[in-house]
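S.K.: Since the structure of chain A is provided, determine the placement of chains B, C and D with the ligands on it from the hints.
Chain order of the listed sequences is A, B, C and D. Using the numbering used here, the letters of the first sequence map in sequence onto residues 1 to 332. Using the numbering used here, the letters of the second sequence map in sequence onto residues 1 to 332. Using the numbering used here, the letters of the third sequence map in sequence onto residues 1 to 210. Using the numbering used here, the letters of the fourth sequence map in sequence onto residues 1 to 210.
Do not rely on the hints blindly, as some may be mistaken.
As the list claims (entries may be wrong) - Taking lysine-lysine and the BS3-like style, the derived pairs with C-alpha atoms no more than 30 Å apart in a straight line are: (1) B/K92 x D/K33; (2) A/K228 x B/K317; (3) D/K33 x A/K2; (4) C/K119 x A/K92; (5) D/K123 x B/K242; (6) B/K92 x A/K29; (7) B/K2 x B/K202; (8) C/K68 x A/K92; (9) D/K123 x B/K92.
Said to hold, decoys possible - Label-pair restraints from in silico Cβ distances: (10) A/E124 x B/A251: 41 to 49 Å; (11) B/A39 x A/E31: 30 to 38 Å; (12) D/E168 x B/K29: 53 to 61 Å; (13) A/E315 x B/P24: 22 to 30 Å; (14) B/P24 x D/E56: 30 to 38 Å.
Stated by the list, open to error - Looking from chain A toward chain B, a few residues come up when the C-beta cut is under 10 Å (computed): (15) G18; (16) A22; (17) S206; (18) L207; (19) G294.
By construction, these hints were calculated from the structure, which means they are not laboratory data. For each residue, glycine too, the CB sits at the ideal point set by N, CA and C.
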Amino acid sequence: MKKLINAPENVVQEMLAGMVMAHPEYVRKLEGYQCLVNAQAPVAGKVGLVSGGGSGHEPAHAGFIGRGMLDAACVGNVFSSPTPDHFLEAAKAVDSGAGVLMVIKNYSGDLMNSQMAEEMAEFEGVKVTRVIVDDDVAVKNSTYTTGRRGIAGTVFVHKIAGAKAAQGASLDEVKAVAEKTVANVRSMGMALSPCIVPIAGKANFSLAEDEMEIGMGIHGEPGITRSKIAPADEIVSALMEKILDDIPFVAGDEVAVMVNGLGATPLMELYIVNRKVAEICAARGISIYRTFVGEYMTALEMAGASISVLRLDPELKALLDAPADAIAFKQC
Amino acid sequence: MKKLINAPENVVQEMLAGMVMAHPEYVRKLEGYQCLVNAQAPVAGKVGLVSGGGSGHEPAHAGFIGRGMLDAACVGNVFSSPTPDHFLEAAKAVDSGAGVLMVIKNYSGDLMNSQMAEEMAEFEGVKVTRVIVDDDVAVKNSTYTTGRRGIAGTVFVHKIAGAKAAQGASLDEVKAVAEKTVANVRSMGMALSPCIVPIAGKANFSLAEDEMEIGMGIHGEPGITRSKIAPADEIVSALMEKILDDIPFVAGDEVAVMVNGLGATPLMELYIVNRKVAEICAARGISIYRTFVGEYMTALEMAGASISVLRLDPELKALLDAPADAIAFKQC
Amino acid sequence: MEQLTSQDFQCLIAGFAANVIARRDELNELDGKLGDADFGTSIAGGCNALQALLPELVGLAPGMVLGKSGMTLVKSMGGASGPLFGTIFMRAGKELGNQTEAGVAELARMFNASLEGVKTLGKSDVGDKTLIDALAPAAQALSAAAARGATLAEALADACAAAGQGVEATKAMIANRGRAHYVGERGIGHQDAGATAIHLLFKVFADYAA
Amino acid sequence: MEQLTSQDFQCLIAGFAANVIARRDELNELDGKLGDADFGTSIAGGCNALQALLPELVGLAPGMVLGKSGMTLVKSMGGASGPLFGTIFMRAGKELGNQTEAGVAELARMFNASLEGVKTLGKSDVGDKTLIDALAPAAQALSAAAARGATLAEALADACAAAGQGVEATKAMIANRGRAHYVGERGIGHQDAGATAIHLLFKVFADYAA
Ligand SMILES: Nc1ncnc2c1ncn2[C@@H]1O[C@H](COP(=O)(O)OP(=O)(O)O)[C@@H](O)[C@H]1O
Ligand SMILES: Nc1ncnc2c1ncn2[C@@H]1O[C@H](COP(=O)(O)OP(=O)(O)O)[C@@H](O)[C@H]1O
Ligand SMILES: [Mg+2]
Ligand SMILES: [Mg+2]
Ligand SMILES: [Mg+2]
Ligand SMILES: [Mg+2]
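Just chain A, with the same shape it has in the complex (with noise of 0.2 Å):
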C-alpha cells in the first residue's frame, strides 16, 4: 500500500484537521465527533442540511459544506457509515429551530445509523427527517432489496436541498424538493482499477490488467459486469443506454450531467467521457443544461468514473443555477 498518510488509524482523524486548518471560513469540527460543521451554522430561521457516511469518497461530503449547500457533514471510518451519535450531534448542532434535513445514501448502515439518529433527535427535541438517494442504476431496484445504491447523483441533492434551504424554505418543502431530486437522477459508474482502504492495506478486488468492471459501486461492491477494457466510446454507451432507459429519459427532456471521477482517472479521461456523453444526449434530442466534470464522490484511488443525469424542470433549474459557496462546489 502506497499512500500520504501516518498510521492507518488515524487517516479520518488528520483528514479532518487538515480541513480545518485549510478552509476555517467554511468548517469547524464538532468536538469530540467525526463531523465538521458549517462555521455560519446555524442560520436564523433556515433549516439544517445534514449529509454523511463513511469516509473515502471526498469530497463528498464535508467539501459540500458551504453556504447554498450542507450545514454540516458526518464522517464515518473509510467506507463505513458513521456511528448515530454523531449524526445527532450533526443535526443537533445545524438546528436553528426550523428542522434538519438527513441526506443518505441508500446502504444498510447509513440507512440504520441515520434511523437511530432520527429517532434519537426526537427524544432531544430537534425535528429531523431524511431523504434515501438511490440513483445507481447498475442495481436492480425491489422492494425485498436494499435497492439501488447512492453514488454520485446524491451531489445533486445537495445542491438543490441546499438552495432551496438557503432560500428559507420549510422542512417539508426542502424535503420535498430533495424527493424529487431522487426521483429524476439516475447514475451508473465503472472502475479500471481497485482502491485500498488503509486499515485494510490491500485492495478489497483485483481486476486483470486488460478487464474493467461495468456498475461498480463506490465501495468497490460488485458491478454488473466484468469484461475487457473496451474503447471510451463503448463504455459511455453501455452506461448511458441504462442510465437513459431507466426513468426513461426521452427526447425534450432537459438534464444536468455530472461526469465525476473516482479516483485516479485524468481529468483528460472525464472530459473524454463527456464529449460522448454529449454526442449521446445529442442523438437522442435529450438537451444538456449543465454539466459538471471532476471528482464529487470518489472512491479513494480507485481508476473509474460514473455518469449521473439529472432530469430538469423550471423549480430544479432555478435551484441548480442559484450560487453556491462550498469548500468543493462553488458556483458564482
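M.R.: Chains B, C and D with the ligands alone, transformed into the frame defined by chain A:
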C-alpha cells in the same frame, strides 16, 4: 495501460471537444488550433492572459480560463509544449489592443516555442510579452542550466495576474505583478507511482512497491532522492524544509499554501498533508492567509503531491482574494 | 450453573470480545466475498470498545450490562452491523429488565426479542443471507429448550449448533439485504459474515455453560 | 555528385523522415533515460508532417525546400526539439539563400549557421549533452573538408563520423539544458537522443552522397 480513452493519438482533441461541450459558457475552441479561448475574450481594454504547455496537467491550464484568470490556453500533446503557431493564434484571439502576457513554465520546449511565438506576434502587430515561472526548488537554479522547473506555483501566477488584468491594469503592470508572484512562490513535489502517457502506452519510470521519489517533476522527470516510503508527516517535513529555506520564508511572513494532488492521490491524503504543512508553518511563525487543497497541476494519474508556498504582501493578498470564475478555479 | 448472573454476562461479553478480535481478519475476508471486507474491522472495533467498557459494568444488573454493551456497539461500530449487533444486546437487556439472573426461559425470551429488533431495524427476515439466519434458529432452539425444560448447558449447546447450521445455510442463499445483495448470485457458496459472528456469540455462551 | 540540387534535398528530407520514423521507439527510449521519453514520438510526428509536405516542395529552390521543412517541423513537433530541429533546417536554408545548388563549401556554411541558431535559441553550447554535441563536430568537419577541398562524399562521411563521435561523447557528459539536466549525474552513461537524431541526419546525407 488502462485508460478511459479511445485512440491514444486522439486524446487531446477529444478532451478539448469534451471541455467545450461541458463548458460552452466559459470556453470556445480556436478552429484549427489546440487552443481554448475565453468565450468572452477579447475584453475591450483588458490585457490578455495566455498560458499553455503540454497537456496531461488538467485542470491546468485550460481549466483556469474564466473571469479573473486566463483568457486562453494552448494545449500541446501530452507533456509536450505546443508549437509556436498555437501560442500565436491564442494571443491574437485574446488581444484587445492592450497587449498579451503569456505565462510560461520553465522548460526548454515551452520557452523556445513561446519565444518563437512572441517574435512572430511582433510581425503581426500584437504586443506579446512573457513571464517564466520556475517555482520548483527540487532543481537547483543556476545560470548555466535551464534552471528550476515551473510546477503548481504557476496557478498562483494565473490567479494574481488574472486579477490584475481584470482590474484594467496595463501590460507592464500585469507583467510586474506576475513577476513578483514568481519571485515569491516556491514549490516541491513527490511521487509514489508513475503515470502512463497514452501514446507511449507504458509507465515513464518505475518505483518499487515500497519506494517514493522526492522532488519528482510533473512529467515524471527524476527528483532528488529515491527512498523507502515514509509517513506523510516526514515527507511533508522534508519538502517544507526545502521550500521554506529557499527564499527563505521567515517568521512573520504571511503566505498562501497550495497542496496539489498529482492525479491518483485521494483528497483525503492531501488534507493529511495539509495538516502537517499548517503545523510546520505555525511552528516557524509563518501565518497562512489562504489554503488551496486539490488537483490544480496534475501529471495524469501519477500518485503524489506537491506543496507550494507563496509569500504575500498587501497587493498580492488583494489580488489573491479577488473574485474568479474559471472552470476549475472559482472564488465567490 | 443454571442461571447467568451479572458477573457471568460480564465474562461472556469479555469472551465474545476477545474471540471476535482474534478473528478480525477472518471476518473481513468473509465480508470481502460478499460485501466490502470491513465487517471484521468494524466488529473488532466495537469489541475493543466493549473491553474498555468492562470496568464500568461491574455491579450493574444483567439487563444493564447487556444494554450498555449494546449502546457501546452502536456508538463504536458504524456500518450496517453496528446498529444490528447493538440492537441484539440492547433488546436482550431490555427484555430481561430488572431481573438479577437469566435462565433458559429468560434467554429464550431475550434472544427472540433481539431477533424481532433486528428484523424491524434491518427490514429483513430469515432467508435474506444475513445474521438473522443464525440468530433466528438459535433463538428458536432456546425456545424449544425452554419448552422441554432443558439445562442451561444443553440449551446453549443447541442454540450454538442451530446457529452453526444457520451459517451453513447462508451459503446457498442469495442476499437481499446489506452490501451482499449487490453480488447477487455470485455470492452463492459463501457464508455470511454477520451470521458467522452470531455463531461465535453462541459458541462463547455454550462453552461457558458447558 | 558534387552539388546537391533541390531534388537532392527533397530526397534527403524524405530519407531523413523515413529513417526517423523507423527509429521512433528507439529515440523514445533514449529520451526516456534522460528526459521524458517523448523525443521519438515528437520527431516522428514532425517527420510525418515532412512526408506530407514533400509534394509541395517540388520545384522550389533548395533554400526554400529546407526553410519550408524547418517551418513544418516547428509547427508540427512542439517540445524542445521542435524549435531546435526547425531552426537547423530554417537557418541552413536561409544561409543558402537563392543558390540553386549546394556543394561542400555551402554545406559547411549552412550547418555552421544552423549551429549558431541552435546555440542562440537553446542558450546552450558544446558540452551540455544536447544535439549540439553532434551538430558542432559535424559542422566543423564540413568546414575542414571545405578548407582542404574534399569531395562531397568525403566531406559528408567525415561529418557523419564526427556526429557519431559526438553522440558517443554525450555519454560521459552531465546535461545542463533540456529535461536531461534534471537527472544530473544519473544521466552519465546514456547518450543524448537529440544528438542521436543529428547523427542520423548526417548518416542519411553521407549514404546519399557515397
Ligand atoms: N438489513 C440487514 N438486516 C440484517 N442483517 C444485515 C442487514 N444488512 C447487513 N446485515 C448484516 O451485516 C453484515 C455486514 O456488516 P458490515 O460489513 O458492518 O456492513 P456494511 O459494510 O454493509 O456497512 C452482513 O454480514 C449481514 O449479516
Ligand atoms: N536548450 C537546448 N539546447 C539544445 N538542445 C536541446 C536543448 N534542450 C533540449 N535539447 C535537445 O532536445 C532533445 C529533447 O527533445 P524533446 O524530447 O522533444 O524535448 P522535451 O521533451 O524536453 O520538451 C534533447 O535530447 C536535446 O538534444
Ligand atoms: Mg462497510
Ligand atoms: Mg517532452
Ligand atoms: Mg461490510
Ligand atoms: Mg523529451
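S.K.: Next, verify each hint and record whether it holds.
M.R.: Evaluation of the provided hints:
1. With a CA separation close to 38 Å, the supplied pair B/K92 and D/K33 exceeds the 30 Å bound.
2. At most 30 Å may separate the alpha-carbon atoms for a hinted pair to count; A/K228 and B/K317 exceed this at roughly 51 Å.
3. Annotation: proposed proximity of D/K33 to A/K2 holds, straight-line Cα distance about 25 Å (limit 30 Å).
4. Using a Cα cut-off of 30 Å, the hinted pair C/K119 and A/K92 holds, with the two alpha carbons roughly 29 Å apart.
5. Under the criterion of a C-alpha separation no larger than 30 Å, the hint pairing D/K123 with B/K242 is consistent with the structure, at around 28 Å.
6. Taking the CA atoms of B/K92 and A/K29, the gap is about 49 Å. The hint is violated against a cut of 30 Å.
7. Between the alpha carbons of B/K2 and B/K202 the distance comes to roughly 10 Å, so the proposed pair stays at or under 30 Å and holds.
8. Distance hint between C/K68 and A/K92 is fulfilled; the C-alpha atoms sit about 23 Å from each other, no more than 30 Å.
9. Distance hint between D/K123 and B/K92 is fulfilled; the C-alpha atoms sit about 27 Å from each other, no more than 30 Å.
10. For A/E124 and B/A251, the hinted distance range of 41 to 49 Å is satisfied, since their beta carbons lie about 46 Å from each other.
11. For the hinted restraint 30 to 38 Å between B/A39 and A/E31, the CB-CB distance of approximately 46 Å leaves it violated.
12. For D/E168 paired with B/K29, a C-beta distance near 46 Å fails the hint of 53 to 61 Å.
13. The given range of 22 to 30 Å is respected by A/E315 and B/P24, whose C-beta atoms sit roughly 24 Å from each other.
14. Checked against the given bound of 30 to 38 Å, the beta carbons of B/P24 and D/E56, roughly 37 Å apart, stay inside it.
15. Evaluation of the A/G18 hint against chain B yields a held restraint, the C-beta minimum of about 3 Å falling below 10 Å.
16. At its closest, the beta carbon of A/A22 sits 4 Å from a beta carbon of chain B; the interface hint therefore holds under the 10 Å criterion.
17. Proximity of A/S206 to chain B is violated relative to the hint, the smallest CB-CB distance being about 13 Å (cut-off 10 Å).
18. At its closest, the beta carbon of A/L207 sits 8 Å from a beta carbon of chain B; the interface hint therefore holds under the 10 Å criterion.
19. Because the beta carbon of A/G294 sits about 7 Å from the nearest beta carbon in chain B, less than 10 Å, this interface hint is met.
The earlier numbered hints that this structure contradicts are 1, 2, 6, 11, 12 and 17.
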